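Peer 1: Chain by chain, the residues run as shown.
2 protein chains.
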Amino acid sequence: MENINQELDPLFNPRSVAVIGATKNWNKWGYSTFLSVLQGFKGNVYPINRNEKKVLGYVAYKKIGDVPEDVDLAIFVIPAENIPEVMEECAEKGVKAAVIISAGFRETGAEGRELEDRVVEAARKGGIRFVGPNCMGMWSASSDLRAYMFPLPTNPGPIAFVSQGGNVGAAVVMAAINRGTGFHRYVSCGATADIQIEDYIEYFAEDPNVKVILTYIEGLNDGTRFIEKVSKATIKKPVIALKPGKTEACAHAILSHSGAIAGVDDLYDEAFKKAGVIRADSPEELLDIAVCFLTQPLPPGRNVAIITGGGSYGVLCAEYCESNDLNVIDLPEETISAFNEIFPPRWSHGNPVDPAGDRNFIAYYMAPEMVLKLNEIDALIFMGFGSISGITNVIAGDDSMFFRPLPPSLTSLEGVDDVVHRIIEAIDSGDIEKTESLINPIVPIVASLLGSDPDTMSKFISMILSRDITRSMLKKIVSDVPDLLMRGASAMIGVLEEFDKLVSSLLFTLMKVYGKPIISTTFTETAPSLHGAAHAFPTAEKAAVVLSKLVEYREYLERVDAFEDPRKYCFILNNQLDYLI
Amino acid sequence: MENINQELDPLFNPRSVAVIGATKNWNKWGYSTFLSVLQGFKGNVYPINRNEKKVLGYVAYKKIGDVPEDVDLAIFVIPAENIPEVMEECAEKGVKAAVIISAGFRETGAEGRELEDRVVEAARKGGIRFVGPNCMGMWSASSDLRAYMFPLPTNPGPIAFVSQGGNVGAAVVMAAINRGTGFHRYVSCGATADIQIEDYIEYFAEDPNVKVILTYIEGLNDGTRFIEKVSKATIKKPVIALKPGKTEACAHAILSHSGAIAGVDDLYDEAFKKAGVIRADSPEELLDIAVCFLTQPLPPGRNVAIITGGGSYGVLCAEYCESNDLNVIDLPEETISAFNEIFPPRWSHGNPVDPAGDRNFIAYYMAPEMVLKLNEIDALIFMGFGSISGITNVIAGDDSMFFRPLPPSLTSLEGVDDVVHRIIEAIDSGDIEKTESLINPIVPIVASLLGSDPDTMSKFISMILSRDITRSMLKKIVSDVPDLLMRGASAMIGVLEEFDKLVSSLLFTLMKVYGKPIISTTFTETAPSLHGAAHAFPTAEKAAVVLSKLVEYREYLERVDAFEDPRKYCFILNNQLDYLI
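These protein sequence lines map, in sequence, to chains A and B.
For the first sequence, the residue numbers in our numbering are 379 to 959.
For the second sequence, the residue numbers in our numbering are 379 to 959.
Simulated from the structure, these hints should not be mistaken for laboratory data.
Heads up, a few of these hints could be off.
No copy labels: a pair is met if it fits in one copy or bridges any two.
What the hints assert, rightly or not - Heads up, simulated EDC-like pairs for lysine to aspartate or glutamate below, C-alpha to C-alpha not over 20 Å straight-line: (1) LYS402 / ASP736; (2) LYS624 / ASP708; (3) LYS624 / GLU700; (4) LYS624 / ASP703; (5) LYS854 / ASP806; (6) LYS406 / ASP736; (7) LYS406 / ASP831.
Just so you know, these numbers come straight off a predicted model, no measurement behind them.
Make the full structure from the sequences, and use the hints.
Peer 2: Here is the structure:
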């Protein structure tokens with residue numbers, strides 16, 4: 379077999395495409411598939427149809443042999459029984475790759491399997507590699523090729539995904555796009571009569587545009603080959619798999635769905651462990667774990683600190699962590715003392731760190747570094763304060779309840795523009811001491827507005843000023859101040875939104891500096907977003923699960939001596955810090 | 379002890395309220411608590427503050443004894459150490475109930491416990507029952523009393539909830555309201571120094587406005603008393619509990635949070651089983667199960683049919699069902715034959731029922747009754763087709779891709795108004811035969827538009843016409859036809875939205891007739907809504923979990939000989955069918 383790139387490139391980067399079965403009859407898959415190809419692909423597209431002369435304005439050809447130019451890729455949306463013959467015609471035409479969307483092969487029984495064998499034979503003879511049959515198709519970002527049975531939303535991104543279920547695939551693709559990330563390749567691989575799941579994974583592993591590989595597997599044709607090929611992929615990047623089939627009813631359903639043999643689940647579990655594949659338990663978890671790898675560094679161990687804005691969520695989070703083999707360890711005496719300085723006497727005095735309804739909110743943002751700098755802490759779960767503005771919105775409903783008119787002392791402040799200008803100049807000059815001396819007189823006013831202690835706030839500002847990224851966020855907030863004062867108390871939401879970005883940049887900085895993950899959560903199961911990874915995981919349970927997968931992967935890499943840098947797979951740390959500034 | 383209603387009524391239905399610690403200083407909980415009380419409660423409200431003369435426009439009193447009128451309920455937002463003395467003053471004043479939001483009692487150690495004992499003593503002497511301490515407060519729908527530490531969103535509804543965690547409580551309340559349901563009572567019960575969790579549950583069980591009871595428990599003070607009281611509640615309505623504490627780290631966190639002893643998890647599990655309490659594993663699941671009880675009848679057994687719009691989701695759903703002790707049983711031969719009539723040859727020929735990409739969508743809606751009418755099937759999971767319009771929106775993005783211009787034969791149809799008028803008259807007259815004879819000539823046109831088979835559609839229409847609710851939905855769709863034709867092809871989305879309501883009404887009818895649950899899901903983890911329960915559960919896993927809890931509760935009721943009617947707790951079937959029509 380040739381190099382995998384040469385083999386599969388014509389599939390993902392074809393110069394021209396024929397849709398066999400394209401039709402103007404909108405009640406057929408040949409209609410929506412052709413429409414889907416036309417949406418993005420910029421190369422030549424040829425509809426093949428025995429009866430129609432034109433399809434959606436394109437000249438149609440009776441046979442692929444009639445197409446006057448070369449065709450790299452053929453997409454089949456015709457009845458199964460006609461495919462062997464047309465595949466032979468494709469071979470004659472010099473087609474290099476194919477996608478067979480049509481069903482009616484091995485999943486239907488012995489006759490179907492024989493039909494499938496004839497398709498494979500025709501393709502092999504012509505040197506054609508193909509996706510499917512019995513699949514929904516594929517999407518390739520590099521050519522914007524949507525060889526798919528209906529117009530699926532697309533968004534380019536760092537994920538590659540091969541799914542043996544079309545609906546599971548489509549749902550994960552849509553959910554990923556809703557979370558602000560996207561795909562470099564997505565394949566609904568169907569019955570894998572020719573190209574195997576491990577072939578796609580091998581191909582994705584070679585591609586520098588792919589940062590994380592997802593797969594949904596119903597059954598493998600050759601477990602040994604899978605382990606061999608995928609072991610080479612997992613030392614390059616994370617591979618996350620969803621594989622049902624633990625129960626008899628499920629194995630039965632798999633046979634009639636993809637025609638695959640589900641196999642003994644324990645053997646799969648063993649194979650995945652051997653190959654370093656991370657296992658997910660649901661389509662939702664598959665995506666959660668992918669997002670986690672894209673947004674977090676790999677932690678050095680299993681010891682977790684929890685900082686929580688709500689005691690009961692600290693309780694639940696501790697439970698989920700321990701249930702996922704993470705350790706909620708005791709904090710050293712000096713850290714307890716340090717927290718005594720910034721929290722009220724009623725704080726939890728341990729891990730989870732719970733300030734117990736403290737209104738000195740700024741103290742929460744001092745806490746992450748106080749635990750992350752400890753050698754014995756490998757990761758942080760930061761609950762309920764990753765996004766202040768969102769929480770305020772949810773709780774308040776009517777903002778005016780919280781944001782009473784500003785005190786006259788503030789709205790009538792003269793010379794604000796001048797002070798702001800001088801602070802910005804000081805920040806730009808890099809003179810931190812001067813910046814602090816200009817900001818410090820204002821701290822008590824702002825602290826009183828936010829209900830915070832001025833001393834804590836001064837320390838917080840020093841922390842913010844000490845690093846480039848957070849300093850530039852502070853500059854942005856400062857320059858907005860005159861406008862915010864003009865707009866009165868309702869502008870507080872705007873200030874809090876700016877503050878959210880400051881928090882995000884602080885958390886990113888800490889992740890980068892310490893090479894340890896910070897999994898943030900809110901308390902509500904709202905749609906999380908990749909941007910402002912500050913609340914990438916909505917629930918304590920999800921936070922614990924994804925964190926345990928980061929640990930598992932790092933332990934695997936260290937075991938096979940392939941660990942390099944905790945930040946290697948963290949797409950956001952490596953690529954997208956810009957959006958914060 | 380008196381009757382529980384007499385004991386707790388002054389708490390949930392007070393005539394007047396004093397907020398001890400109310401303040402105009404917006405950085406204190408006394409500010410936001412007072413604001414919260416003012417939002418809804420219509421009785422007299424008195425701020426008590428030693429230093430302020432007025433609070434938010436209300437005359438403030440130095441002591442509760444200074445209030446010129448009777449005070450039924452006192453809300454404490456003052457430092458813990460002052461509470462024993464003020465509680466004595468409340469007793470002298472004749473206050474009947476209290477909510478102690480303040481923390482700093484047993485959760486802080488021995489001194490705190492002693493302080494708590496003094497509060498209890500003062501309250502007992504004065505006959506005052508109280509919530510807390512160390513809690514967020516409570517909400518009562520009957521008096522719109524928001525005795526809560528910040529303005530929480532409220533919505534009246536059939537749920538009662540007592541939570542030993544304020545943040546878990548607030549998050550579940552907000553999530554429930556987002557799902558379109560609401561609360562009759564919500565209590566953040568804190569350290570339960572006086573009123574115990576089982577007291578609240580006993581009180582809620584007596585209240586006919588409450589259909590389902592939720593609780594989050596960190597630790598019980600008296601397990602035997604809990605079992606005794608709650609056993610009496612669970613024969614009246616479902617009680618669903620979230621109780622962490624399986625792990626040591628969690629038990630440790632509980633001690634410093636609520637001061638409760640987490641106890642041995644196995645004992646709790648046994649106690650819950652004995653008392654018929656349904657156990658949830660997360661705050662999200664607590665609400666999922668509640669919504670399920672409110673929207674579904676109790677199934678007669680564990681045998682499930684799955685109908686799926688996507689084979690891979692059928693596979694996953696079968697796995698989740700079996701993992702939750704539900705049986706995905708084989709279908710009888712005559713049902714397989716019946717499906718052979720309406721599905722293409724490639725359909726799955728078994729359970730899960732997967733038509734494998736059939737475009738004859740109407741057939742999916744024939745399928746539910748074909749399985750529900752079987753004695754051996756106890757429940758249905760209906761995947762991916764509970765909401766057609768939503769799915770179309772998600773997939774298409776740009777509607778115009780799917781909805782090409784209507785054929786001229788349709789837009790130029792003369793006499794449409796007349797035909798529509800005659801159909802409506804026939805429906806109103808109850809003459810089903812005549813209605814069918816008027817509709818049948820139009821069926822081939824509509825079927826071709828939807829890509830469906832005309833014969834299946836005729837059968838579907840007969841099914842719809844045979845029942846009052848679905849018939850009136852069809853009437854609504856028919857009367858919209860002229861307008862839809864005027865608006866052209868883009869109006870197809872409108873037709874599909876109407877069709878969704880028709881499907882919902884069909885599913886509700888089947889649930890009512892057969893007394894078996896139909897759990898619908900979409901394939902995306904989007905926010906589910908209670909209205910159009912057609913997609914109440916977004917994932918296959920959640921569908922299986924909640925269904926298993928319905929079975930568990932019915933089995934309990936039958937074991938203790940308290941089972942009456944499968945539809946008894948199904949709030950939607952009993953109360954809200956109107957919204958569909």
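Peer 1: Against each hint, give a clear statement of whether it holds in the structure.
Peer 2: So, going through the hints one by one against the coordinates:
For the homomeric pair LYS402 and ASP736, the shortest alpha-carbon distance between copies (18 Å) is at most 20 Å, but the shortest distance inside one copy (65 Å) is not. Taking CA atoms no more than 20 Å apart as the test, LYS624 paired with ASP708 passes between copies only; the shortest distance there is 18 Å, against 38 Å inside one copy. Taking CA atoms no more than 20 Å apart as the test, LYS624 paired with GLU700 passes between copies only; the shortest distance there is 9 Å, against 24 Å inside one copy. With identical chains, the CA atoms of LYS624 and ASP703 are at most 20 Å apart between copies only, with a shortest distance of 13 Å across copies and 22 Å within one.
Taking the closest pair of Cα atoms, LYS854 and ASP806 come within 20 Å of each other only inside a single copy of the chain (12 Å); across copies the shortest separation is 66 Å, beyond that limit. Within a single copy, LYS406 and ASP736 get their C-alpha atoms only as close as 62 Å, which misses the 20 Å cut-off; across copies the closest is 10 Å, which meets it. Taking the shortest alpha-carbon separations for LYS406 and ASP831, only the inter-copy value of 13 Å comes in at or below 20 Å, while the best intra-copy value is 67 Å.
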